[in-house]
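Asker: So the protein lines, in turn, are chains A and B. Heads up: the first sequence begins at 1 in our numbering, then just goes up one per residue. Heads up: the second sequence begins at 1 in our numbering, then just goes up one per residue.
Among the clues, some could well be false.
Listed next, the in silico DSBU-like pairs over lysine-lysine satisfying Cα-Cα at most 30 angstroms (straight line) [to be verified]:
1) A:K441 - A:K529
2) A:K524 - A:K432
3) B:K53 - B:K20
4) B:K53 - A:K529
5) B:K53 - A:K27
6) A:K538 - A:K441
7) A:K433 - A:K310
8) A:K27 - A:K538
9) A:K536 - A:K524
10) A:K27 - A:K310
11) A:K529 - A:K432
12) A:K27 - A:K524
13) B:K20 - A:K524
14) B:K20 - A:K536
15) A:K536 - A:K433
16) B:K20 - A:K310
17) A:K524 - A:K433
18) B:K23 - B:K53
19) A:K536 - B:K23
20) A:K538 - A:K524
21) A:K441 - B:K20
22) A:K101 - A:K310
23) A:K310 - A:K432
24) A:K538 - A:K433
25) B:K27 - A:K310
26) A:K441 - A:K524
27) B:K53 - A:K538
28) A:K101 - A:K538
29) B:K20 - A:K433
30) A:K529 - A:K27
31) A:K432 - A:K538
32) A:K536 - A:K441
33) B:K20 - A:K538
Hints were generated in silico from the structure; no laboratory data involved. These figures come from a predicted structure and were not determined experimentally.
Each chain, written out:
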Amino acid sequence: MRTFSAVLAQTCAEVPDRPAIHLQFAKRSDLTLTYGDLLSGAAGFASLLSRHGIGQGDVVVIILQHGEPLVYAFWGAVLHGAVPAILPPLTEKLLPERYRKDLAALIQVTRPRAIVTYPEFAHEVELAICAAAMAAAAPVMIAVDAVTPVAPDFAALGGLRREASDIVLLQHSSGSTGLQKGVALSHRAVFNQLDAYAPAIELSESDVIVSWLPLYHDMGLIASFVLPVLRRVPLVLMSPFDWVRAPIRLMQAISHYRGTLTWLPNFAYNFCATRIRERDLDGIDLSSLKAVINCSEPVYHSSHLAFLQKFARYGLSPRALATCYAMAENTFAVTQSAIGGPIARNEGGGIGNAGQVSSGRPLPNVRIRILSEDRRDLPEGAIGEIALHSDCMLSEYYHRPDATEQAFFDGFYLTGDLGYVLHGEVYVTGRKKDLIIVGGKNVYPQDLEQLAGEVDGVHAGRVAAFGVFNEDAGTEDVVIVAEAESDDPAERERVAEAVRQHITRNSDVAVRQVMMVDPRWLIKTSSGKVARSANKAKYLAEIMGQTA
Amino acid sequence: MNSNDITHTLSTYVTTQILKQPKRILKGDEPLISSGLIDSFHLVDLGLFIEDKFGVRIEDSELNADTFDTLDQLVVLIQSRQ
């Protein structure tokens, strides 16, 4: 029987001195953790959980920045037999009150037994726990500064007593405000995913994975954290905040450690291509890269071209470009393009003349159906909702039987993504609902509309939020169109600014443009709802009119 | 370039290129980063713009609200390095 702890115990016995993770930092030199170091730190954390009375199967929410404590906390919870759930920390632009409210809502649904955070943030977490008002079952707050390693005694740790069907971790998919869903994955589901995915990326112990991705997202957590550690592939891990300030760090890490695999959302291709200075690339060698895998946002050919044009002279092979379609509900990958092979493109699809880029073929353990609105199977090439079945699907949305039931049809998980299958290749075309995907992050327009409506000077209910694809950025820009109560231009400018600030501070989403319009500008449906796509079309027409 | 010119150049860049609100007036003491007006992606753009325009390099580790949060602070930073 395979469980995380059983695999880790074996790894620790067989290759304790092999490097597991190279942690990178902006202001100190790299720290290499061998498997022995990693599991000693994890065991130290497990004993901390034990002292706080945390039991097997208890959910442990982890809110930590990049660094050793985060790594030890995740694997320590696993060794203890608890269920780790990594959540993002508060960022400087998000209002603490908003963060607290969301965290309190999550505590009420997920009912974690403990919340682990760093001492400076402990007060914030305590306030959220109070706000959640859980008389009997309030989680324990554990503030960690540093973890004292202890030699792991696997036989005494709770992790080895877990079953393959037990839940091993929760991934919180971004959801509508306050209603985040925790994707619960079993040991078995994760191992089935690794068994199917490792051959698809031709993974071997000679690979080196490099990542800046956050661990609260499936691409970071599974592909760039769990997979390398369980498969004995060395991982180079940096902070997403350090990467965004200096994207060159990714290239430096690949060059220095001879990185072979990295996963990036589409916008990162454009970001790296335009934000990295040539002179910083002096001496950089990217020839070790076997695959740069585009995942988690719609894939654009133009982004690949920009990336290749920038980095080919530094050794990047065109054959290293690859694509993947993934989601937390399937543990991670659903499809993968062939490693070293060209990526299929449907010349007739997509935007412009570039054609639509394939996300690859389904993994061997995944069955795909394309369903119509009334849930009939659609023929080859027809666009419908992508539904999937595999042996690595979620066990449930944690404590959300309602959401779990809604997510399935006939045993198939309904992804909410639209797409089609052509010659065995899966093409993802968009979302069934009006979801905005900006910088790899899913944003629900109704949340932004709600926030905009709270601002004085905006007609409540007379707001449309939508994403407009920005080819230079390789991702969508968030646009808000709101009907103004005043027709004074200066007042409208003030309200637009207030809307921008209010949304940014309450959602952590950067708004590209707020357009204030006259009353009755917005198009509504017959049922009185704001029609987002119609208003987006009207907005685009007006913008074109202005520039023409 | 005097500090008024630098302020004007920076302000124009931020309002037209980052905020897409050309009519917006930025006050010299208005928080840009801590307020969320400029997010981390655009901070990198701003750093590149400053280097091209003023020949002053702002290290990536300095691209945060601790180093500068307002136009006034940014102008002082640029002038101190020219």
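Asker: Give me the numbers of the hints this structure contradicts, sorted from smallest to largest.
Answerer: 4, 7, 8, 12, 22, 23, 25, 27, 28 and 30
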